[in-house]
Structures are given as structure tokens and as C-alpha cells.
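**Student:** Position chains A and U against the provided structure of chain F, taking the given hints into account.
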Amino acid sequence: MLGYFCKRILLIIPTVMAVILLVFVLMASLMGTDTSRMIRYEDDVYGAPRLSLLQQYGKYCYRVFVRGDFGVNDSYNSPLDEDLMKRTAVTLKMTGISVLATYFAGLPLGVFAACRRGRWQDSLITSLTTFFSALPSFCLALGLVLFFALRLGWVHVTLQDPADHIIPIATLAVIGAANVAKVTRAGMAEVLDKPFILSLRSLGLSRGSVIFRHALKSALIPAFSVFNTVCANLICGSIVVERFFNLRGLGTCIIGAVGSRATTTLMGCVTIVALIMSVCSVITDLLFVLVNPSLRKTLSFGSRLRRRGGR
Amino acid sequence: MRQIGAILRNPVSAAALAVLLAIILFCVIYPFVSPYTYWEVNPGDRHQMPSAEHPFGTDYLGRDLLVRMAWGGRVTLSVAFLTGLIAAAAGTLAGIVSGFAGGFADSVIMRVMDAISSVPSLLLAIVFDYLLGMGHGNFLFGIAIAGIPPFARIVRAAVLEIGTSSYVAASRALGAGPVHIIKEHVIHNVMPLAAVQATTSVADALTTCTVLGYIGVSIGAPRPEWGLLFDLGRKQLRSMPHLSLIPALTITVCIVCLYLLGNGIRDSLSAEGDRHER
Amino acid sequence: MSGSGILLDVKGLRVSFSTPRGKVRAVSDASFSVRRGEVTGIVGESGSGKSVSAYAVLGLLAGNGRVEAGSAVFCGRDLLALGEKELRSVRGNEISMVFQDPMTALDPLFTVGSFLTEVLRSHSPQTGRKEAWKKSVEMLSVMGIRDPEDVMRRCPDSLSGGMCQRVMIAAALLCDPQLLIADEPTTALDVTIQEEILSLIQKLKEERGMSVLFITHDLGVVARLCDRVSVMYGGFVMESCSVDQVYSGAVHPYTKALLSAIPRLDDRGEEPLAALEGEPIDPVHLPEGCVFAPRCRYCFEDCLKTRPETFDLGDGHSAACHLLKKGGKADV
Numbered sequence: 001m002l003g004y005f006c007k008r009i010l011l012i013i014p015t016v017m018a019v020i021l022l023v024f025v026l027m028a029s030l031m032g033t034d035t036s037r038m039i040r041y042e043d044d045v046y047g048a049p050r051l052s053l054l055q056q057y058g059k060y061c062y063r064v065f066v067r068g069d070f071g072v073n074d075s076y077n078s079p080l081d082e083d084l085m086k087r088t089a090v091t092l093k094m095t096g097i098s099v100l101a102t103y104f105a106g107l108p109l110g111v112f113a114a115c116r117r118g119r120w121q122d123s124l125i126t127s128l129t130t131f132f133s134a135l136p137s138f139c140l141a142l143g144l145v146l147f148f149a150l151r152l153g154w155v156h157v158t159l160q161d162p163a164d165h166i167i168p169i170a171t172l173a174v175i176g177a178a179n180v181a182k183v184t185r186a187g188m189a190e191v192l193d194k195p196f197i198l199s200l201r202s203l204g205l206s207r208g209s210v211i212f213r214h215a216l217k218s219a220l221i222p223a224f225s226v227f228n229t230v231c232a233n234l235i236c237g238s239i240v241v242e243r244f245f246n247l248r249g250l251g252t253c254i255i256g257a258v259g260s261r262a263t264t265t266l267m268g269c270v271t272i273v274a275l276i277m278s279v280c281s282v283i284t285d286l287l288f289v290l291v292n293p294s295l296r297k298t299l300s301f302g303s304r305l306r307r308r309g310g311r
Numbered sequence: 001m002r003q004i005g006a007i008l009r010n011p012v013s014a015a016a017l018a019v020l021l022a023i024i025l026f027c028v029i030y031p032f033v034s035p036y037t038y039w040e041v042n043p044g045d046r047h048q049m050p051s052a053e054h055p056f057g058t059d060y061l062g063r064d065l066l067v068r069m070a071w072g073g074r075v076t077l078s079v080a081f082l083t084g085l086i087a088a089a090a091g092t093l094a095g096i097v098s099g100f101a102g103g104f105a106d107s108v109i110m111r112v113m114d115a116i117s118s119v120p121s122l123l124l125a126i127v128f129d130y131l132l133g134m135g136h137g138n139f140l141f142g143i144a145i146a147g148i149p150p151f152a153r154i155v156r157a158a159v160l161e162i163g164t165s166s167y168v169a170a171s172r173a174l175g176a177g178p179v180h181i182i183k184e185h186v187i188h189n190v191m192p193l194a195a196v197q198a199t200t201s202v203a204d205a206l207t208t209c210t211v212l213g214y215i216g217v218s219i220g221a222p223r224p225e226w227g228l229l230f231d232l233g234r235k236q237l238r239s240m241p242h243l244s245l246i247p248a249l250t251i252t253v254c255i256v257c258l259y260l261l262g263n264g265i266r267d268s269l270s271a272e273g274d275r276h277e278r
Numbered sequence: 001m002s003g004s005g006i007l008l009d010v011k012g013l014r015v016s017f018s019t020p021r022g023k024v025r026a027v028s029d030a031s032f033s034v035r036r037g038e039v040t041g042i043v044g045e046s047g048s049g050k051s052v053s054a055y056a057v058l059g060l061l062a063g064n065g066r067v068e069a070g071s072a073v074f075c076g077r078d079l080l081a082l083g084e085k086e087l088r089s090v091r092g093n094e095i096s097m098v099f100q101d102p103m104t105a106l107d108p109l110f111t112v113g114s115f116l117t118e119v120l121r122s123h124s125p126q127t128g129r130k131e132a133w134k135k136s137v138e139m140l141s142v143m144g145i146r147d148p149e150d151v152m153r154r155c156p157d158s159l160s161g162g163m164c165q166r167v168m169i170a171a172a173l174l175c176d177p178q179l180l181i182a183d184e185p186t187t188a189l190d191v192t193i194q195e196e197i198l199s200l201i202q203k204l205k206e207e208r209g210m211s212v213l214f215i216t217h218d219l220g221v222v223a224r225l226c227d228r229v230s231v232m233y234g235g236f237v238m239e240s241c242s243v244d245q246v247y248s249g250a251v252h253p254y255t256k257a258l259l260s261a262i263p264r265l266d267d268r269g270e271e272p273l274a275a276l277e278g279e280p281i282d283p284v285h286l287p288e289g290c291v292f293a294p295r296c297r298y299c300f301e302d303c304l305k306t307r308p309e310t311f312d313l314g315d316g317h318s319a320a321c322h323l324l325k326k327g328g329k330a331d332v
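Residue numbers (the working numbering), protein chains in the order written: chain F, 1 to 311; chain A, 1 to 278; chain U, 1 to 332.
Chain F on its own, in the form it takes in the complex (with noise of 0.2 Å):
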């Protein structure tokens, strides 16, 4: 099992940079866009030397994994990368805690309503979950701004206190957590009418033994086999919150950059989400592979993991 993630966490630089190389010949190809800014220092006044496209592919893939050096930013003219780690940690903060939020609120939601599975509970989260998950982000950040901060007063909109941040995080985590009550909630109604529940109560385990060690378990393989889309909806929102809420983070970093046309810090800000989205893919794996014990004999460094097939 430690050779398949080994060998799971070695692809993420090739994946990586497979994204990179489509983004540069996209570029070159399509707008012409002049590659070579993209490797030059701030204090070349010339611009870069005379490089092939894949030359260029090259060293800016050196750069970016073994120095970590994003290049320059095409509109100050200054180095990339500090301000760049600054946005994506904003981000990262963000994004991480509303994942966990999104679990945790999730994961009970879904279960809840598996178990009162045709009562008014039930259609209460299901609708919910149907609509939240389907609502535009900024619709419900508009939502909760109004109702905490400017009716209840609870909360400033300029986000002036740490603690304002919740409506930020709020809004993130009832998208993601509507998705995997979703998910939740079909995986354990499907799990709870399979015959070995019936044979576990036959045996007089108890109802919390039947529903949260052996049903849960079960019902958290779909749960987190989404974990992946989570996060991908959960960047996704974070580019409209941020803007929302004005915060310097990666989303308003690829915003200014699309409208400027900052062609370099594009180029980073799609090289630093594909490496998210990347890790993240291994972090669904592994949980894939910690509730299916039956996974961890048979996976080895060559194998491949399975993740999908008819439900």
C-alpha cells in the first residue's frame, strides 16, 4: 500500500506539468501569446533569451519545482512567487476549514436523513441539500451578509475581525456540505436496505453499532470518493467569495490576472490549483482505500485503484 501512494504522490509532478505544457502550447498556438515572458527575471531588460517553446516549457518547469520561482509579475515587474504563496495560503485557510466544515456538517446531515428515510425529515434535507448545492455562491453569501451582518449585526461586511471570516467559510461550507449529505444520504439508504443489516440486528448488535460502525461504513465510500469534487466546487467558490468579501487570495488572483491579462501569473495560479487539486486526488484515494480495508492487501506500487463502476 505505501509503494501504491508512493508512486501516487511521484505522478503528481508529471500531472502537473502535463497541465502546464497544455496551457503553453494553448497559448502559443492559439493567442500567440509571447511564452518567453513567462521565464524571464526582473532585471532582464532585453527580455529572455531566444528559446524553442519546448526550451521554455522546460525551464520554466524547473523553476517552478526545483527553486519554487514563479516567474515575474507581468504588470510590476516584480518577483511572483512571495506574493502568490501569500494569496494561496489565504486560500488554502479558507478552503480547508469549510472541507472540514463540509464533513462534518455533511456527513450527520446525510445519515439523519437515510435513517428517517420517506418521513418530512428526509424531504426537509433533501430538498435543502437539492437546492443549496445548486444555488450560485454569491447568492447565498449575498444571503448570509444580509441576515448576519447588515439585520442581526452579528458580523462586520468588511470582515474587519478574524472572527468575521465565519460568513467567508459559512458560505463554502453549506455548498460543500449539501453535496455530500447528498451523496451521504443516497449511499446509506442503498447501504440500509442491503441484507446484512437485517443479519447484524438478527444478531442483536445494537442500533448505533449497526448504523454508525457498519451502514456509516459503507456509506462513507461514496462520501469520499467526491471528496475530489468537493474541493474542485470548493475552489470554485472560493474565487466568488473571495471576490465577495474582497480578500487577496488565489481567486481574485486569477481574476485580476484574466482581466489584465497577466499572462505569467495565470500560468501560476493554474500550475498552484492543478498541484491542489492534485494532492487532493491522493487524499480521496487514501481515504477511498482507509474505509475499504479489503483494498489495502491487494494495492501494490503498479496497481490502480478502481474508483468508479455502476452504483
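Some clues are possibly wrong.
[Unchecked claim] Covered stretches of chain A, going by a simulated chain F footprint (3 or more residues, C-beta under 8 Å):
#1 8-15
#2 61-73
#3 130-143
#4 197-205
#5 250-261
[As the list claims (entries may be wrong)] Below, computed lysine-lysine pairings styled on BS3-like, alpha-carbon distance capped at 27 Å:
#6 U:K130 / U:K11
#7 F:K59 / F:K7
#8 U:K305 / U:K325
#9 U:K85 / U:K135
#10 F:K217 / U:K135
#11 U:K11 / U:K305
#12 U:K85 / F:K217
#13 U:K203 / U:K134
#14 U:K11 / U:K256
#15 U:K11 / F:K217
#16 F:K217 / U:K305
#17 F:K194 / U:K23
#18 U:K11 / U:K23
#19 U:K23 / U:K135
#20 U:K130 / U:K325
#21 U:K305 / F:K194
#22 U:K305 / U:K256
#23 U:K325 / U:K256
To be clear, the hints were calculated from the coordinates, so they are not data collected in a lab.
Since the model is a prediction, treat every value here as computed from it, not as a measurement.
For each residue, glycine too, the CB sits at the ideal point set by N, CA and C.
**Tutor:** Then chains A and U, alone, in the frame of chain F:
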């Protein structure tokens, strides 16, 4: 046809459909009727509160919000329906091919779907728009592509289930070719599922489209879009909350209606199924 | 091993399920009993209410099912009147159950070892982990599993069907229950494995004095294993008697019909096997009279009007049929 009747007989989904149609109709007709245009700047009418003259008030350039909402709706709704339907068609096709062919084709298609769904959809649309040239609606491709995987998964699962069913085995034993089976059994059984998923898909596309408008990726100023209108209004959240509330509520209403419509389709189809059983 | 006393006595059990189609009367009137140290068989075709009766006794009905009437006295307590908590201490501890499909009856995500020790420790929490492990291994070897330590470390999906059923029976017997309910435990298994499981149950009965309620649709299995039989149809018990009486002196037309549908070794194949005409009844719309009347060869007026009462024929033999009222036997 009978299914459409069943959807209309359900009061909730009929109401949802009526509201959606009303909004669409309004967006199509109102710009012709209104004395205002979305681009005309009226410095004298800046920051008007809602009145008989301007039912939704005016923005910081004195533009009438009602007519801008109608124009915005044209953009937002057509993008949502167009991309939703593109995603539906492509996803259904991918799902059927994947589920029916199996083996290598299946694993390649599903790998690609996994890859797409692990890319944040918003970023996909932004990068597409950026690479293909901004202001020409190229973000549309990004939204459509991001909508394919859920479709493909649902259809593929259904195809696999149908493919292993004994009635398909029976018709195979009778000499039916793959084209016949796809036409007679697969399409017939997958369509209801796809119809339900299509409403979700359109709702998702609507969300992504407005979110893109909100962060400034749209079909180019001064053409309005609901998300863009929300963004413009948000700057006067305290003094003129209606400027952001109206777009936000309209988007929410559209999404709720699409969701209720999807529910109605599912209910009427399962009721249909029950009748067949009996 | 003489029939010393009655361990479980079910009387007048009535169970219904509320469904969108209407109220399904799965069991309308079932009375049967299990004596200490004996195997009682319940025989009937699918939908006759045999499994539902067993589930009802242990309070394991699905959410839309309800026990409407009847009693199930076990060791002086009416199980149908017990609360969920008291029932839980009965399940697995005093009465255990084994199911039809062993491959789906075990939690796929738990090793056999953690499953068995959990069952044991949930009924006697003072048992240590090591002790529970040791007891489980012993029980597996009693079940005829050759390498119990290895099986304990495996997950069910790496075990064969017969092996899973042995594990399930081991789990059922771990807390030394007085009664084992076996719900068609061999139906989903290969014929050779079926035989092994039947011998195992036979051995348990003989060596441990185990009482068993054996639910099946196979009269051959009944002859092999059971001491007494109750025949069910459409939610009613048609006939109850000892296993010898079934083959020598069955009185109910339904029992006779079942018997004549079994091929016999001494049959020269001159006559075709008699299949029962007609279809099983619809449990939503039960007929007013005897539920078997629409398919009965001997059906007469009374059969269509009133439900037959149960006649005691002495010697532990009873049957519910209007023909008995007329004094004659069914072989008119």
C-alpha cells in the same frame, strides 16, 4: 406526449414550468416594449429607487434595471439552455458508447470524465475564455464540457444495468444487433433519466454562467448578464440593496423552478413506471 | 430427546405491510410451535408468509410492516410485546437467525474476526478481546472450518458461499442460543454445499440438543431434517404434524398436492407429476373463504364462504380444512 401531460397535471411542476416560461417570455418581449435600452446612459436618472417609471430603479449610470434584466436574461438563459443541452447530448453519447462498448473505450472515456470532473469547472471556463479570446462567449465551451461527466456517469450506469438485464440478453439471443438494442432498449430506458438530469444540468450551467458574469467573464460590456448585474449592484449593498437583490432572487427563482421541474419529471415518470407494472 | 416441552409457541400471528398498492396481508393466521431439541419445519411456496412469520417473531419486519395480532411465547415471555431493547438481548443471544443468501448476509467491509468478536462482545461485554477471539475460532472449527485462524482474518468477499454460511451459523450460535431460525439457509447454495450445511445443522441438533425452526420450500429437506412440519399457504397454516405423518397420513389437499409434485424413486414414470393448477393468491385481495379454495380439487360451497377452523386430529396432528368437518378424509 403522455409524459408531458403527466408533468402538467402535477400542480407544482406545472407552476414551475409556468414561471420559467413567463421569465423567458418577458426576456424576449420586454426589450421591444421598453422605452429604455441597456446601453443608454442617463446622467440625470442616476441611482433612482424603484418607481412607476423605473420599476426596478436605475444603476449608477442611470440605466433602467428592468430592461437590463431582460437583456441579461436573454444572455444568461440562452447560455444556460444551450450549454445544458450540449452537455446532455455529449454526455448521453459518451455514456452510451462507454457502457455499451466496455473494455478499453470504456476505461478511456471514464478516465477522461474523471479528469474533467476533477478540474474546477469555473477555472475550466475561465481558461477556455482566456485562451480562445475573451468577450465572444467562448466560456460557453468550458461550461458545456464541465457538464458532461455527470451525464455520462448516469447514462453509463443505466446502460450497464440494461445491458446485463435478461430482456436484452433475450433479444440478443433472438439475433438483435447492437443498433437495434441501442435504439429499442437503451434509448428508451435512458431517456427518462437523461430528462431529469438535463434539468439539473441546465441549472448548473445557469449557476456557472452567472458566477462567470459575476467575476467579469461575460460576453463583453456593456451587454448585461444576471451575474454581472449582481456584481454592479453589490457595490451599493447598503444604500440600494435592490440592485443586487433583484438579480440574485431572479437567479434563485430560476434554479428552484428548474429543480422542481426535474422533480416533477422524475415523479411523473416513476408513476408511469408503476402503471406499467400493474 | 423426547419432545419434552414447548420452547416457542406462536399463536394467531397476523402481519400486514402497508404498500402503495394497499394493505398486503402477508400472514393472516399462523400458529406453530417449536419443541425443545427438535427441528420444526415451515414449508410453503414463496409468498406464503413463512419467512415473514419468522421475522415478526424477532421484531425484524421492514419499516412498513406491522404485527396486528397474535402472540409468540418464548420461555414465558411474549416476544411480540417486548420493546426494541429487550428484543435486542433476545436476538443473537437466545434466538438466532440464519439467512437465505450467505454472500450478502455478511458485512463486506469487516473481517470475519471483527464481526464474530463484535457479536460475542455485544451480548457479554465483560468478555475480553482475546477471549472473544479464542471463542470465535473454536466456534468456527465446530462449524467444520479447517483453518479458522486464517478465515478470521479474511473479508467475506474472499470466502465461498458455503464458507460464508458456516461463518453466519457460527455467528448465530456464538452466544449459545436456545433456538436457531434458519430461513431457507441452503436455497442459494450449490447442491453439494447444501448437503454439507444440512449435515451441519443435523449434527448441531444431535450434539448440542439445539432447537431449530427450519423454513424451506423443499419437502425433501423436511424429510431429511425435521421432526415436525407446519405447512403454510397464503398466510395461513394449513396443516401441522410430525414428519412421518406428512408422508403417511397427510389430510389437507394442499399438503397432498405438494407431495404429489415430488418425483419418487419408485415411480416408473408412467404418470406425469401432478403440478398444482392456478396461481398463488394475491395478498392484497384475500378471498372470503379458504385461501386455498380457488386451487383446491375438493373445493365445495363452504370453502368459498367461510374460513375453515383448525381441527385437532390427535397425536399432535392438526389441519384447517372443511373436508374434515364432513368427517371424511380428503381422498374422497
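**Student:** Please verify whether F:K194 and U:K23 have alpha carbons no more than 27 Å apart.
**Tutor:** holds (24 Å)
**Student:** Checking one constraint from the list: CA of U:K305 to CA of F:K194, max 27 Å. Satisfied?
**Tutor:** violated (42 Å)
**Student:** Does the structure keep U:K305 and U:K256 at a Cα separation of 27 Å or less?
**Tutor:** Measuring from Cα to Cα gives roughly 23 Å; hence the hint holds.
**Student:** Do the alpha carbons of U:K11 and U:K256 lie within 27 Å of each other, as the hint requires?
**Tutor:** holds (24 Å)
**Student:** Run the distance test for U:K11 versus U:K305: straight-line Cα separation, threshold 27 Å.
**Tutor:** holds (24 Å)
**Student:** What's the verdict on U:K130 and U:K11, does the C-alpha distance respect the 27 Å limit or exceed it?
**Tutor:** violated (43 Å)
**Student:** Is the hinted pair U:K11 and U:K23 satisfied, with a Cα-Cα distance of at most 27 Å?
**Tutor:** Measuring from Cα to Cα gives roughly 22 Å; hence the hint holds.
**Student:** Under 8 Å between beta-carbons, do enough residues of the region 130-143 of chain A, three at least, approach chain F for the coverage claim to hold?
**Tutor:** Answer holds; 5 residues pass the 8 Å Cβ test.
**Student:** Check the hint pairing F:K217 with U:K135 against an upper bound of 27 Å on the C-alpha distance.
**Tutor:** holds (26 Å)
**Student:** Using C-beta distances, would you say chain F covers the region 61-73 of chain A, given that this needs three or more residues below 8 Å?
**Tutor:** violated (count 0)
**Student:** Decide if the proposed pair is consistent with the structure: U:K23 and U:K135, CA atoms, cutoff 27 Å inclusive.
**Tutor:** Status violated; Cα separation ~45 Å.
**Student:** Does U:K325 lie within 27 Å of U:K130 when you go C-alpha to C-alpha?
**Tutor:** Between U:K130 and U:K325 the Cα gap is close to 62 Å, so the pair fails against 27 Å, i.e. violated.
Taken one by one, the earlier hints fail for this structure at numbers 1, 2, 6, 15, 16, 19, 20 and 21, listed in ascending order.
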